[in-house]
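A.B. asks: Sequence:
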Amino acid sequence: MSSDANTLLEARRFRVVRVTEMTAGGEKRDREIVRHPGSVTIVPMVDDRHVCLIKNFRVSVEQTLIELPAGTLEPGEDPRLTAERELIEETGYRAARLELLHEFYLSPGILDERMRLFVATGLTAGDSEREPGEQIENLVIPWVKALGMIQSGEIRDAKTIIGLLLVDRTRRDT
Numbered sequence: 027m028s029s030d031a032n033t034l035l036e037a038r039r040f041r042v043v044r045v046t047e048m049t050a051g052g053e054k055r056d057r058e059i060v061r062h063p064g065s066v067t068i069v070p071m072v073d074d075r076h077v078c079l080i081k082n083f084r085v086s087v088e089q090t091l092i093e094l095p096a097g098t099l100e101p102g103e104d105p106r107l108t109a110e111r112e113l114i115e116e117t118g119y120r121a122a123r124l125e126l127l128h129e130f131y132l133s134p135g136i137l138d139e140r141m142r143l144f145v146a147t148g149l150t151a152g153d154s155e156r157e158p159g160e161q162i163e164n165l166v167i168p169w170v171k172a173l174g175m176i177q178s179g180e181i182r183d184a185k186t187i188i189g190l191l192l193v194d195r196t197r198r199d200t
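Each position in the sequence shown, counted from 1, maps to that position plus 26 in our numbering.
Hints listed in this document are in silico derivations from the structure and should not be mistaken for laboratory results.
With a straight-line Cα cutoff of 25 Å, these simulated SDA-like cross-link-like pairs (lysine to any residue) come out:
no.: 1; residue 1: 185; residue 2: 89
no.: 2; residue 1: 81; residue 2: 167
no.: 3; residue 1: 185; residue 2: 76
no.: 4; residue 1: 81; residue 2: 191
no.: 5; residue 1: 171; residue 2: 91
no.: 6; residue 1: 185; residue 2: 175
no.: 7; residue 1: 81; residue 2: 163
no.: 8; residue 1: 171; residue 2: 148
no.: 9; residue 1: 81; residue 2: 114
no.: 10; residue 1: 185; residue 2: 41
no.: 11; residue 1: 185; residue 2: 136
no.: 12; residue 1: 185; residue 2: 110
no.: 13; residue 1: 81; residue 2: 155
no.: 14; residue 1: 185; residue 2: 156
no.: 15; residue 1: 81; residue 2: 92
no.: 16; residue 1: 185; residue 2: 195
no.: 17; residue 1: 185; residue 2: 39
no.: 18; residue 1: 171; residue 2: 183
no.: 19; residue 1: 185; residue 2: 72
Now the in silico label distances, taken between C-beta atoms and shown as ranges:
no.: 20; residue 1: 150; residue 2: 37; range: 31 to 37 Å
no.: 21; residue 1: 42; residue 2: 174; range: 35 to 41 Å
no.: 22; residue 1: 50; residue 2: 184; range: 29 to 35 Å
Virtual Cβ for every residue (Gly too), placed ideally from N, Cα, C.
Take the sequences, apply the hints, and build the full model.
C.D. replies: Next comes the structure, spelled out in C-alpha cells:
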C-alpha cells in the first residue's frame, strides 16, 4: 500500500509525486510517480478497408510519429466525450458510432495514466479544430498498410500499435 507523500511538480496535464510504499518485508520505499487524469485514443475507420492515422510532431522525441488520434481527459469528463472531441480536433472526422474496445495502462512502472481505446465508425469528414502550434497531418491509408507499418517499424507509438493490433484481432474474430 502506498500514499502520496508530496507533490514534486505540478504541470498543466499531470503531476509528479513522491509516494512511500511499505514492502512485504515491512520496509519503507520511496517512489516517484506521474499522476495523470487519463486519456483516450481512437481508431478512426474511414471505411472497412481504410484507417485515418495522423502524423504528429512530438517534442519529447524530436520526431514526427505516425499515431492514432488521442487526448487527455479534462477533469470529470466522460471518456466518450473526450474521444469525440479529440477525433474532431485532430482529424476533422465526426463519428456516428464510438465503441469502447479496451482500457490499458501505458507505463505503470512510473505512470498511472489509464488509456481508453475507442473505435470510431460511420465517419463524416469535416474541418479539424487543432490547437495552436499542433503539427498534425491526416494520413488515410489502407488497413493492411497500417498493419505492415507496425511490422516494418514505421509505427513506433505504443498506443497506436496496441490499438491497431487489438482492432485487427477483433475484426478477425467476427
